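Residue numbers (the numbering used here), protein chains in the order written: chain A, 1 to 476; chain B, 1 to 445.
Some hints here could point you the wrong way.
Unchecked claim - Computed beta-carbon distance windows for the label pairs:
#1 A:L404 - B:A238: 22 to 32 Å
#2 B:Y428 - A:Q188: 47 to 57 Å
#3 A:K441 - B:F256: 45 to 55 Å
#4 A:S45 - B:V432: 40 to 50 Å
#5 A:G449 - B:V432: 38 to 48 Å
#6 B:G434 - A:I414: 55 to 65 Å
#7 B:V432 - A:T219: 33 to 43 Å
#8 B:A287 - A:L404: 23 to 33 Å
#9 B:A287 - A:P257: 27 to 37 Å
#10 B:I249 - A:W266: 27 to 37 Å
#11 B:K402 - A:Y347: 20 to 30 Å
#12 A:A193 - B:A403: 57 to 67 Å
#13 A:H422 - B:K402: 51 to 61 Å
Unchecked claim - Listing some non-contacts, in silico: residues in chain B with all C-beta distances to chain A over 10 Å:
#14 M26
#15 Q41
#16 F49
#17 A195
#18 K230
#19 A293
#20 K323
#21 I352
#22 P353
#23 F365
#24 Y366
#25 L382
#26 G389
#27 W393
#28 K396
#29 N438
If you are wondering where the hints come from, they were derived from the structure by calculation, not from laboratory data.
The structure presented is a predicted model; accordingly, all values stated were derived computationally and were not measured.
Don't be surprised by glycine CBs; every beta carbon is placed ideally from N, CA and C.
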Amino acid sequence: MVAVDIIFAPIFLSVLVYFLTKGAEHITKYIALGWFLILFFISLSWLHQLPDHGFLQLGTYLKVPLFNFDLTLQVDALSVAMLLLTSLLLILVVFTSWNEKNQASYFSLLILFSGPIFGVFMTTNVLWFFMFWELTLVPMLFLVGIWGAERRVYAAIKFFLYTHVFAMFMFVGFFLLYKQTGYWDITQIKEAALATPALIWWLMFAGFAAKLPLFPFHTWLPDAHVQAPSSISVLLAGVLLKMGAYGLIRFTVELLPNTTREFALWMVAFGLLTTFFAGMLAVYEKHIKKMVAYSSISHMGLVVVAIATMTYDGLSASLYEMIGHALVISPLFLIAGWFHHKTHTWYMNEMGGIMKFAPYASAIFILAGMAALGLPGTMGFVGELTIIISAVKSFGWWIAVIALGGFISAGYIIWSVRRAIHGEPSQIVLNSTFEMSGAEKFALAIFTGLIIYFGVVPQPIFDVANKAFSSFFGGM
Amino acid sequence: MSFIVLIATGLLIPLFYRNNIFIAKMIAIAAFIVAAFFVYQGQSLNSIFPYFVMTKSTMIMEFALLATLAAVSLTLTGFERPLIAQMLFLAGVSLALLETNNFFVFIVLFEVVAIISYILVANIRNFFNAEGAIKAFIAGAVASGIILIGFALFSFTSESFNYSDMNVSGKFTLIAVAIMLAGIFYKLTIVPMHAWAADAYSQVNHAAAAILSGVIKSVVLVATFKAFYKFMIAYPTATVLIFSFFAIITMTLANFMALWQKRISKILAYSSIAHSGYALIPFAAAASIYSFAGILYYAVAYIFMQTSVFLILNDFRREAGVKHLKDIKGMGQRAPLHSLFFTVQLFSLAGIPMLAGFLSKAIAFYAGVDAGLWVIVLIAALNSALAVGYYVWIIKHIYFDKAENEAVIKMSAGSLIGQLILLAGTVYFGVVAGNVINAGMHFSF
Chain A
1 MVAVDIIFAP IFLSVLVYFL TKGAEHITKY IALGWFLILF FISLSWLHQL
51 PDHGFLQLGT YLKVPLFNFD LTLQVDALSV AMLLLTSLLL ILVVFTSWNE
101 KNQASYFSLL ILFSGPIFGV FMTTNVLWFF MFWELTLVPM LFLVGIWGAE
151 RRVYAAIKFF LYTHVFAMFM FVGFFLLYKQ TGYWDITQIK EAALATPALI
201 WWLMFAGFAA KLPLFPFHTW LPDAHVQAPS SISVLLAGVL LKMGAYGLIR
251 FTVELLPNTT REFALWMVAF GLLTTFFAGM LAVYEKHIKK MVAYSSISHM
301 GLVVVAIATM TYDGLSASLY EMIGHALVIS PLFLIAGWFH HKTHTWYMNE
351 MGGIMKFAPY ASAIFILAGM AALGLPGTMG FVGELTIIIS AVKSFGWWIA
401 VIALGGFISA GYIIWSVRRA IHGEPSQIVL NSTFEMSGAE KFALAIFTGL
451 IIYFGVVPQP IFDVANKAFS SFFGGM
Chain B
1 MSFIVLIATG LLIPLFYRNN IFIAKMIAIA AFIVAAFFVY QGQSLNSIFP
51 YFVMTKSTMI MEFALLATLA AVSLTLTGFE RPLIAQMLFL AGVSLALLET
101 NNFFVFIVLF EVVAIISYIL VANIRNFFNA EGAIKAFIAG AVASGIILIG
151 FALFSFTSES FNYSDMNVSG KFTLIAVAIM LAGIFYKLTI VPMHAWAADA
201 YSQVNHAAAA ILSGVIKSVV LVATFKAFYK FMIAYPTATV LIFSFFAIIT
251 MTLANFMALW QKRISKILAY SSIAHSGYAL IPFAAAASIY SFAGILYYAV
301 AYIFMQTSVF LILNDFRREA GVKHLKDIKG MGQRAPLHSL FFTVQLFSLA
351 GIPMLAGFLS KAIAFYAGVD AGLWVIVLIA ALNSALAVGY YVWIIKHIYF
401 DKAENEAVIK MSAGSLIGQL ILLAGTVYFG VVAGNVINAG MHFSF
């Protein structure tokens with residue numbers, strides 16, 4: 001019962017939190033923190049209970065025999081990795097939004113968000129997956145639209161509509177899956193034959209590509225991530241984008257392997273285009289948070305290339321890079337948002353010399369930046385290296401051009417460090433006061449610790465990847 | 001029995017109008033509860049008259065109908081008191097319409113519902129109300145005439161009017177059915193027979209509009225599907241062509257029109273028209289075994305959400321004079337409860353999961369995919385994504401904009417309970433799908 005409760009309890013919990021904490025809003029963050037810690041430890045216990053390969057059964061609820069529309073909950077290593085990442089980011093987000101305004105509504109929306117996002121990674125029923133997928137949009141709409149920056153309403157509505165429209169293609173794809181196999185559950189669909197796999201593949205791919213986002217479908221992201229408050233940017237980049245990558249692995253690689261192999265080069269093309277295009281835009285960008293947002297898109301392109309290899313190595317690398325991307329991009333977003341909060345400017349050429357006044361934040365920005373460009377000893381290096389190796393193994397030497405992606409990211413990271421952090425302090429910086437709360441410092445320290453720890457000791461993540469993907473292709 | 005209880009209460013209830021309207025409301029609710037009890041016992045018209053059959057699907061729709069009408073009567077205030085009696089009549093006639101298995105009785109009851117709807121909209125307080133009411137009346141009268149022409153033509157070709165043994169292969173049957181459908185499309189507000197509805201729904205009293213666009217439309221959808229099922233099976237190509245065509249133009253045009261509007265009631269009116277378009281997909285997919293489950297789920301979900309949004313708008317108009325989008329700016333602060341209910345129901349209309357609106361669309365659309373109409377379903381799905389635009393636009397005004405006026409709006413106890421009933425329906429049918437699907441798939445006359 002625990003499994004189904006942690007999906008549905010947040011709905012009631014958030015309403016209770018919202019209405020019962022009038023006048024004592026500051027407790028809401030403790031309630032949220034407690035709830036996310038519970039989620040984290042439950043996910044951790046599932047990690048320990050996982051079988052060597054395949055799914056850990058968590059029960060089937062709300063049975064509808066005629067339509068097979070049962071809420072089947074089961075997790076494998078891939079889902080548990082995502083759940084751990086999600087709950088970890090949620091916990092850290094509570095710290096980074098310690099002093100947010102309107103705490104009752106803010107944290108009740110965060111609690112509300114935790115339910116469907118867990119559902120997305122826990123259910124194997126396609127229709128329920130889609131329901132949770134859509135439901136994550138609602139709290140995000142309000143979190144971006146109410147707490148965001150100047151153009152928050154535009155960004156929130158654009159984000160909502162964009163992902164919703166593309167989800168509709170996926171929706172029809174899922175319908176065709178059920179129509180042609182008679183099952184909603186992916187573990188059963190896998191064994192059935194499909195009549196029009198290519199059509200289904202493209203319909204589903206459109207939904208995932210818009211979420212990732214891949215190059216032609218990416219325009220919602222710079223707006224949403226820039227206008228969202230920094231803590232919510234962390235969730236958008238760390239969790240919502242991962243839904244797209246998770247969906248690609250679950251529903252294309254695992255479910256339709258032969259069709260995916262057929263279209264693998266398309267995926268590579270989209271991934272490469274995304275990496276280069278977003279990287280070039282990041283170089284050009286003066287807006288610090290937009291630069292980080294484009295860097296985020298550029299790294300997701302690498303993840304797609306890794307997924308397209310369809311090999312054990314590639315998928316492990318993609319899982320590693322997904323986690324690495326979440327941990328690396330989060331401090332960048334947080335500090336970029338914090339710089340704006342303190343200097344009231346978004347533009348890097350108006351900043352400069354922040355290092356002198358905010359050494360802690362600047363140091364972490366530089367470190368996370370170095371991780372983003374793939375410095376050895378950080379998560380970025382292991383992620384990019386494994387992706388390049390696995391891609392070269394699968395597609396031949398020409399694919400090594402993605403190493404240029406790392407080259408471009410070195411360009412924009414180093415240049416932005418040069419402009420914003422080093423150099424002579426600008427007048428704007430001189431007039432600002434840089435103070436960081438203890439909670440924020442704590443969260444940033446955790447991110448930094450994890451980036452270095454998993455950069456030096458990557459094996460724990462590859463162990464999880466081994467459990468997740470060994471059953472796909474026979475293992476190593 | 002339930003029919004008699006409802007009609008008798010409806011006849012008696014005007015006696016209580018003079019005193020406190022509260023007593024009248026309580027009597028009406030008692031009548032709805034008793035009627036629901038009799039429905040639960042399986043004692044409806046079938047125990048008294050022939051031509052009526054009670055099945056599980058009918059039962060579910062009737063419960064939804066009675067719960068919705070009880071919720072509506074809880075929220076009414078002083079001058080809306082005539083609606084109470086009209087709702088009781090409407091409930092009685094709707095039960096009959098849902099239960100009938102005879103085409104002749106269907107046509108007669110359909111006209112009776114139409115007449116009740118003319119009386120509903122005749123609660124006139126100003127010029128706007130009058131314009132809406134007259135449009136509803138004239139369009140309804142034209143529709144009745146058209147339906148009767150079609151029915152007259154059909155009655156030449158069939159000996160029996162029982163759904164199970166109607167003669168559907170007569171010489172004029174197809175043209176007769178097409179004529180009848182043209183009339184019924186007026187009632188279902190299908191483009192291009194929708195023009196009256198955009199004005200009527202938005203200009204008559206909002207409580208009456210709630211009943212007109214939510215309750216009556218849902219009942220008519222289910223009853224029409226049952227009545228025309230045999231024809232739709234007999235003429236599969238014509239069915240797919242006619243209903244797909246009208247579904248697509250209805251939803252597309254209504255959604256684009258809704259995006260243009262400034263008056264909230266007009267947005268909701270066009271949204272209601274767009275929903276009729278989605279609801280035509282199970283008709284087009286009549287060949288699928290999921291078609292009746294689709295239409296039943298659609299009606300059950302739609303009755304709760306559409307009624308609820310118009311009732312909240314009624315509260316807003318009464319308490320704060322809300323007409324245009326700009327009037328609801330900042331309602332999230334001014335009226336937190338109203339706004340919460342409004343938002344949840346709008347999300348349901350938009351098709352956000354865990355709410356009835358999503359599952360109803362999912363099953364109705366699945367019926368389409370099952371019948372091989374996946375292109376039409378894709379168009380419908382994209383349309384419903386487009387529709388999210390104007391629903392979110394309303395929500396944007398409620399929560400993201402600053403209020404121009406700080407006066408707080410309190411929710412009355414009656415409204416609160418009524419809205420809770422409707423919300424319970426929306427949430428329950430958003431998660432628990434088993435009952436309706438089982439009932440819909442074991443469908444027989």
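To see whether the hints hold, each was checked on the structure:
Between L404 (chain A) and A238 (chain B) the beta carbon distance is about 60 Å. The supplied range of 22 to 32 Å is therefore violated. Taking 47 to 57 Å as the suggested C-beta distance range, the pair Y428 (chain B) and Q188 (chain A) does not conform, at roughly 28 Å. Between K441 (chain A) and F256 (chain B) the beta carbon distance is about 51 Å. The supplied range of 45 to 55 Å therefore holds. Checked against the hint of 40 to 50 Å, the pair S45 (chain A) and V432 (chain B) fails, with Cβ atoms roughly 29 Å apart.
Roughly 45 Å separates the CB atoms of G449 (chain A) and V432 (chain B), a value that falls within the hinted 38 to 48 Å. Range check, G434 (chain B) to I414 (chain A): Cβ separation about 59 Å, and the 55 to 65 Å hint holds. Range check, V432 (chain B) to T219 (chain A): about 38 Å between beta-carbon atoms, so the 33 to 43 Å window is met. Between A287 (chain B) and L404 (chain A) the CB atoms are about 55 Å apart, so this pair departs from the stated range of 23 to 33 Å.
Distance hint check for A287 (chain B) and P257 (chain A): the Cβ-Cβ separation is about 34 Å, which falls inside the suggested range of 27 to 37 Å. For the hinted restraint 27 to 37 Å between I249 (chain B) and W266 (chain A), the CB-CB distance of approximately 35 Å keeps it satisfied. At roughly 28 Å, the beta carbons of K402 (chain B) and Y347 (chain A) sit within the given window of 20 to 30 Å. Distance hint check: the CB atoms of A193 (chain A) and A403 (chain B) are about 58 Å apart, consistent with the given range 57 to 67 Å.
The given range of 51 to 61 Å is broken by H422 (chain A) and K402 (chain B), whose C-beta atoms sit roughly 41 Å from each other. No beta-carbon of chain A comes within 10 Å of the beta-carbon of M26 (chain B); the shortest separation is about 28 Å. Even its closest Cβ contact with chain A, about 26 Å, leaves Q41 (chain B) beyond 10 Å, as expected for a residue assigned away from the interface. Every Cβ of chain A is farther than 10 Å from the Cβ of F49 (chain B); the closest lies at roughly 32 Å, confirming the non-interface assignment.
Look at A195 (chain B): its CB is around 28 Å from the nearest CB on chain A, clear of 10 Å, so calling it non-interface holds up. With a least beta-carbon separation of about 23 Å from chain A, K230 (chain B) lies farther than 10 Å from that chain, consistent with its non-interface assignment. The beta carbon of A293 (chain B) sits about 8 Å from the closest Cβ of chain A, which is not more than 10 Å, so the claim that it is off the interface is violated. For K323 (chain B), the condition that its CB be more than 10 Å from all CB atoms of chain A holds, with the nearest at approximately 22 Å.
With a minimum CB-CB distance of about 6 Å to chain A, I352 (chain B) fails to clear the 10 Å threshold, and the non-interface call is violated. Not every Cβ of chain A is farther than 10 Å from the Cβ of P353 (chain B); the closest lies at roughly 3 Å, contradicting the non-interface assignment. At roughly 7 Å, the least C-beta separation between F365 (chain B) and chain A is not larger than 10 Å, which violates its mark as non-interface. The claim that Y366 (chain B) lies off the interface is violated: its Cβ sits roughly 6 Å from the closest Cβ of chain A, which falls inside the 10 Å cut-off.
Listed as outside the interface, L382 (chain B) is inconsistent with that label: its C-beta sits roughly 5 Å from the nearest C-beta of chain A, within the 10 Å cut-off. Against chain A, the non-interface label of G389 (chain B) is violated: not every CB pair exceeds 10 Å, the least being about 6 Å. Some Cβ of chain A comes within 10 Å of the Cβ of W393 (chain B); the nearest lies about 8 Å off, and the non-interface call is violated. Its beta-carbon lying about 6 Å from the closest one in chain A, K396 (chain B) breaks the requirement of being farther than 10 Å from that chain.
Non-interface status of N438 (chain B) relative to chain A is broken: a Cβ of that chain comes within 10 Å, the nearest being about 6 Å off.
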